[in-house]
Amino acid sequence: MPAVSKGDGMRGLAVFISDIRNCKSKEAEIKRINKELANIRSKFKGDKALDGYSKKKYVCKLLFIFLLGHDIDFGHMEAVNLLSSNKYTEKQIDSMDSVKQSAALCLLRLYKASPDLVPMGEWTARVVHLLNDQHMGVVTAAVSLITCLCKKNPDDFKTCISLAVSRLSRIVSSASTDLQDYTYYFVPAPWLSVKLLRLLQCYPPPEDAAVKGRLVECLETVLNKAQEPPKSKKVQHSNAKNAILFETISLIIHYDSEPNLLVRACNQLGQFLQHRETNLRYLALESMCTLASSEFSHEAVKTHIDTVINALKTERDVSVRQRAADLLYAMCDRSNAKQIVSEMLRYLETADYAIREEIVLKVAILAEKYAVDYSWYVDTILNLIRIAGDYVSEEVWYRVLQIVTNRDDVQGYAAKTVFEALQAPACHENMVKVGGYILGEFGNLIAGDPRSSPPVQFSLLHSKFHLCSVATRALLLSTYIKFINLFPETKATIQAVLRAGSQLRNADVELQQRAVEYLTLSSVASTDVLATVLEEMPPFPERESSILAKLKRKKGPGAGSALDDGRRDPSSNDINGGVEPTPSTVSTPSPSADLLGLRAAPPPAAPPASAGAGNLLVDVFDGPAAQPSLGPTPEEAFLSPGPEDIGPPIPEADELLNKFVCKNNGVLFENQLLQIGVKSEFRQNLGRMYLFYGNKTSVQFQNFSPTVVHPGDLQTQLAVQTKRVAAQVDGGAQVQQVLNIECLRDFLTPPLLSVRFRYGGAPQALTLKLPVTINKFFQPTEMAAQDFFQRWKQLSLPQQEAQKIFKANHPMDAEVTKAKLLGFGSALLDNVDPNPENFVGAGIIQTKALQVGCLLRLEPNAQAQMYRLTLRTSKEPVSRHLCELLAQQF
Amino acid sequence: MIQAILVFNNHGKPRLVRFYQRFPEEIQQQIVRETFHLVLKRDDNICNFLEGGSLIGGSDYKLIYRHYATLYFVFCVDSSESELGILDLIQVFVETLDKCFENVCELDLIFHMDKVHYILQEVVMGGMVLETNMNEIVAQIEAQNRLEKSELLAWGL
Chain L
1 MPAVSKGDGM
11 RGLAVFISDI
21 RNCKSKEAEI
31 KRINKELANI
41 RSKFKGDKAL
51 DGYSKKKYVC
61 KLLFIFLLGH
71 DIDFGHMEAV
81 NLLSSNKYTE
91 KQIDSMDSVK
101 QSAALCLLRL
111 YKASPDLVPM
121 GEWTARVVHL
131 LNDQHMGVVT
141 AAVSLITCLC
151 KKNPDDFKTC
161 ISLAVSRLSR
171 IVSSASTDLQ
181 DYTYYFVPAP
191 WLSVKLLRLL
201 QCYPPPEDAA
211 VKGRLVECLE
221 TVLNKAQEPP
231 KSKKVQHSNA
241 KNAILFETIS
251 LIIHYDSEPN
261 LLVRACNQLG
271 QFLQHRETNL
281 RYLALESMCT
291 LASSEFSHEA
301 VKTHIDTVIN
311 ALKTERDVSV
321 RQRAADLLYA
331 MCDRSNAKQI
341 VSEMLRYLET
351 ADYAIREEIV
361 LKVAILAEKY
371 AVDYSWYVDT
381 ILNLIRIAGD
391 YVSEEVWYRV
401 LQIVTNRDDV
411 QGYAAKTVFE
421 ALQAPACHEN
431 MVKVGGYILG
441 EFGNLIAGDP
451 RSSPPVQFSL
461 LHSKFHLCSV
471 ATRALLLSTY
481 IKFINLFPET
491 KATIQAVLRA
501 GSQLRNADVE
511 LQQRAVEYLT
521 LSSVASTDVL
531 ATVLEEMPPF
541 PERESSILAK
551 LKRKKGPGAG
561 SALDDGRRDP
571 SSNDINGGVE
581 PTPSTVSTPS
591 PSADLLGLRA
601 APPPAAPPAS
611 AGAGNLLVDV
621 FDGPAAQPSL
631 GPTPEEAFLS
641 PGPEDIGPPI
651 PEADELLNKF
661 VCKNNGVLFE
671 NQLLQIGVKS
681 EFRQNLGRMY
691 LFYGNKTSVQ
701 FQNFSPTVVH
711 PGDLQTQLAV
721 QTKRVAAQVD
731 GGAQVQQVLN
741 IECLRDFLTP
751 PLLSVRFRYG
761 GAPQALTLKL
771 PVTINKFFQP
781 TEMAAQDFFQ
791 RWKQLSLPQQ
801 EAQKIFKANH
811 PMDAEVTKAK
821 LLGFGSALLD
831 NVDPNPENFV
841 GAGIIQTKAL
851 QVGCLLRLEP
861 NAQAQMYRLT
871 LRTSKEPVSR
881 HLCELLAQQF
Chain G
1 MIQAILVFNN
11 HGKPRLVRFY
21 QRFPEEIQQQ
31 IVRETFHLVL
41 KRDDNICNFL
51 EGGSLIGGSD
61 YKLIYRHYAT
71 LYFVFCVDSS
81 ESELGILDLI
91 QVFVETLDKC
101 FENVCELDLI
111 FHMDKVHYIL
121 QEVVMGGMVL
131 ETNMNEIVAQ
141 IEAQNRLEKS
151 ELLAWGL
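Sequence order for the protein chains is L and G.
Just so we're aligned: the first sequence equals residues 1 to 890 in full-length UniProt numbering.
Just so we're aligned: the second sequence equals residues 1 to 157 in full-length UniProt numbering.
For the record, the hints were derived by calculation from the structure and aren't laboratory data.
In this text, all values refer to a predicted model and were calculated from it rather than measured experimentally.
Careful: at least some of the hints might be erroneous.
As the list claims (entries may be wrong) - Derived DEER-like restraints, expressed as beta-carbon distance ranges:
#1 G12(L) <-> E106(G): 41 to 51 Å
#2 Q30(G) <-> A496(L): 51 to 61 Å
#3 H275(L) <-> D60(G): 43 to 53 Å
#4 K552(L) <-> C105(G): 44 to 54 Å
#5 C23(L) <-> E26(G): 52 to 62 Å
#6 P259(L) <-> N103(G): 46 to 56 Å
Built from N, CA and C at the ideal position, the CB exists for glycine as well.
Modelling step: build the complete structure from the supplied sequences, incorporating the hints.
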């Protein structure tokens, strides 16, 4: 007998549904629905009380109408009323005896909705104990609950590891009939096995040798079973079996400690790569992508390169092709970069539009990272522009310009190649941009060849001019003025172009201004002045590739590990050829070492590795102070003395520090002898600080040595690079010191600045707190009220919040407060707080290791002359620290 | 966690829509439409997973679907779920429907929408899997039906 007999439904409902289904047109359907809605409305509003059955029938009708996509704006109360009915059929409360099961999931739901309502306590032990329950359904529910809870409270649930392992071991080693009802197509309890394996991925490998041994045995059993002939031909059987297998492999990859298992996992995935089931090929590619980042299995993964390339070419399913492209990216190293890049370029010609930009970014990164010879890199990027110009973002073509500018061995080749590329009758605008820039800088390197003589170069570029956008035309105008400097013979032609009405009176202000200025510059300036003004661009400061940053952004915070170079760290030195610590490469660093991962690599010939703020081209103009004008000072990083060598900070150090919490420039310290000024700028997790030491006396300071000291753990949280300054400071003179600062992770104490010198023979020493506080690395974040409240709620653990109520130290002026909050670094959000007097802000603290989202709310009470300040961040100490810093500002 | 379970027919008519995360109604409708267009253009023998549409979640979410005769069963899940596991779950759900309705077809889902929801509630609760044992699920449904029957009898209906 079927569990649901078909006759006992509600007749009225069935009739209504049949009517709708018989409607010949959309209009007829809407008409029928409106009629029914009117009917129901009148019933609900009518004087006669409806019985439960009718109410239920009408609510069901409304539900059906809703399902069809029509708006329902009434009837909710009737539905609620049904809940309070005492008849079973009208409320359908299930009287299941498996209350534990539901309770576990209910608790989980509650925890997800509002974590602070569920404080950890002795009940955690009881929950863990559910893993031993007789009833498999209960165990399944319990595993889901623990998996979620242990992410935030790993220690409270640690005991679950051994229970999970023994449960898993019992399932894995059981015969296919042992678990009866929970055997699914001859596989014992696949669902529970998968959940247990997922739970174990929340923890590192078990410490207890016995537990670990048992687990490894389980994992081996699963791998062995994969080789056994299937017990059934049904797809459900293989699905269930493989679900367990894939989770097992994920766990092996997660542990990343058993070379033997890793290689077996890789071989197993290799088999799946050629499986006829598309699902398995998809999953194999996905898992292999994470496997590629393990040093034990990277080589094993590489052996499958041909299969993966083939998948990229022949798979019919875009999801699978995308996974193949991801895997190629992950398995790429110097040995196979040329092959992979050329395959990806070929794929790009036919790739789905949705993934083209990502492929472009990946190709650009691989080409740069593994370039041994830079002509190959230039060719690759130009090919990218040729094939998929529309998807080549600014970051990509900026980057090729940076690299060409910084490497003189490739400049001639680049000029020749772009010149040839521009010959194509139709070339992408990005090609014109790159071509214009490169020829403007290095066109002279190919001018000897009559086929690319200066007039030919100019007329080639100018033939594209009229088809380009304003931005490109502006760039070309700069190229032209550079030509006047490089090739004086083109001056008359170019001046004529600039003088033309279409430039000089162009409707676009930028173009007009450039035309006017360049024309005048070329007419009035002497050759020497021109040569100075239009000199070749200086090398760009080395830094992390902005393309990589873009790819990470594109992938979002949950990006696959293969894209995140940070996670590849343990292996990156040996396998991915980042910085090879062999003697030969120290003296002549591998060409790619100074392009990516710059922080670790000492670039010997390049200018000081300024971990500069700012972005790309703009950075060149970032201010004259970038080059410290201190003459031939040694450039080695400064060796700081240990903290024990310096005195404690002066008593007013904290007060001085507080002055700089909300501002970046000013006088840090002053006494009769010395004045120390500060100018600083911060962007993302990087900062640059200029310290100006002024000698206020008329006597020379000797042995002048300012140093930066990291007390305690700060060394691992904040990297500060300084240069030695001149040891003598003449009377009345000022010396400048540049500090490059990188925030590695959140920190609480500022670094110390210790200044020592001899004045008239007497030693002077002074220790200050350097005005670098965590809020300097704030990036303001704008968000709508709704998002703000949602995030506010998400950060509702008691330890995530810090609050302070304090008396106002300064007059309570809304404008001043706003300026201070902005100076603090957060964005100010309007229309979020229902009370317009209150201030609400949001920002993200950028550190190298992690980002910390911060929300803040400041409630002034003018009557009491008090403030209440509330901070919520995802990291407890940060909340408290920010709260303390900010509270002192008002 | 399962974010949403959508069942619609070959023409995109929704037959069962269950969200485990709050979305405004118009977004729900949009999600159904978008999901339908995503799966419709895929052949039957390519893979059963695809990256979620723009409306639910983004890159952390996947759509896992199966096509049975006239109906698409689509589960939208986050990365904490096993893809093959969810495929199994869809199969369990469909087989359970089949047991409860005897050769289930689209019409059963239309005329017994309420029952379908009760069955789903036995399998998935609040976005988490509650029970995967088909016999257990069917037993629960039968127990509910007995209660319902006895009540109807008691009132002489």
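Each hint tested on the structure:
no.	hint	result
1	G12(L) <-> E106(G): 41 to 51 Å	violated (21 Å)
2	Q30(G) <-> A496(L): 51 to 61 Å	holds (57 Å)
3	H275(L) <-> D60(G): 43 to 53 Å	violated (26 Å)
4	K552(L) <-> C105(G): 44 to 54 Å	holds (48 Å)
5	C23(L) <-> E26(G): 52 to 62 Å	violated (23 Å)
6	P259(L) <-> N103(G): 46 to 56 Å	holds (52 Å)
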